[in-house]
Amino acid sequence: EKMKLLISYPATGQVKAFDIEDEKKVLPFYDRRMGQVVKADSLGEMFKGYELKISGGNDKQGFPMLQGVLVKHRVKLLMRPGMKCYRPRKHGALKRKSIRGCIVSGDIRKLDMVIVTKGENDIDGLTDEVTPQRLAPKRASKLKALFDVDEEAALALFKDEDALKNLLARTVVRGDKTYINRPRKIHRLVTDKRHARKVAKNKVMVERRRKNKALRAEYILNNFTAVAEEYVEEEEELEEEEELEVVEEVAVEV
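Going left to right, the sequence shown walks through residues 98 to 351 as our numbering numbers them.
Keep in mind that the hints were calculated from the coordinates and are not lab data. Bear in mind that the values here come from a model prediction, so they are computed numbers and not experimental data. Quick reminder that beta carbons are idealized off the backbone N, C-alpha and C, glycines included. This list has only true hints and no planted wrong ones.
Between beta-carbon pairs, the in silico distance windows are:
hint, residue 1, residue 2, range
1, Asp-245, Ala-266, 14 to 24 angstroms
2, Tyr-127, Val-269, 37 to 47 angstroms
3, His-170, Ala-233, 35 to 45 angstroms
4, Val-246, Arg-291, 17 to 27 angstroms
5, Arg-305, Val-269, 43 to 53 angstroms
Make a model of the complete structure from these sequences and hints.
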């Protein structure tokens with residue numbers, strides 16, 4: 098049975114599928130784990146010098162490989178929310194599901210791989226064309242890495258929010274009409290407004306702590322005063338009782 102190789106190249110953003118009918122070509126990938134890098138010379142002259150990293154796969158029935166399960170066969174694991182290969186239908190629900198181990202075997206019918214090292218030849222539809230990303234990153238730190246700027250330049254770049262929005266806006270052309278789509282919302286962006294909001298929040302927290310501290314001191318003082326007054330009253334009552342006892346004893350003797 099033939100195996101399908103789904104190979105991606107992050108540098109160009111391209112993904113291409115290859116159907117391999119000769120099992121001998123994929124033998125070097127057997128008994129390898131997810132995450133391991135394998136030389137792809139056995140796939141043909143086109144892949145000479147290429148190195149591929151195994152990122153996942155599926156077996157005949159479509160069960161996915163799960164990283165960390167060190168077996169070749171299929172197993173049933175108790176899955177919990179947050180684990181790979183599991184989408185809970187109810188909040189916090191656990192379920193036992195079948196998944197395949199992370200070791201490649203002959204039962205795998207689709208193998209996902211990523212090009213780590215490019216070889217001598219270009220592959221049509223994979224390494225020869227560059228597909229630009231449709232959307233810019235959302236996180237401010239990734240935008241800094243994208244524009245390759247330091248902290249001071251990033252602050253100057255991010256200070257004018259309108260200019261940054263225009264810079265990240267996406268233009269779409271449909272027929273004779275041109276649409277300028279709204280840019281993505283930038284997360285973790287340090288602006289004067291955010292700094293002022295943080296200062297105001299800290300001020301409220303400091304005032305709340307000061308107020309709680311004063312209330313606690315007042316409570317302790319009032320509680321101590323009440324206890325002291327109660328102690329004095331008890332002492333006075335005891336003294337009165339002792340005086341009455343002495344008077345009664347004297348009266349009896351007389």
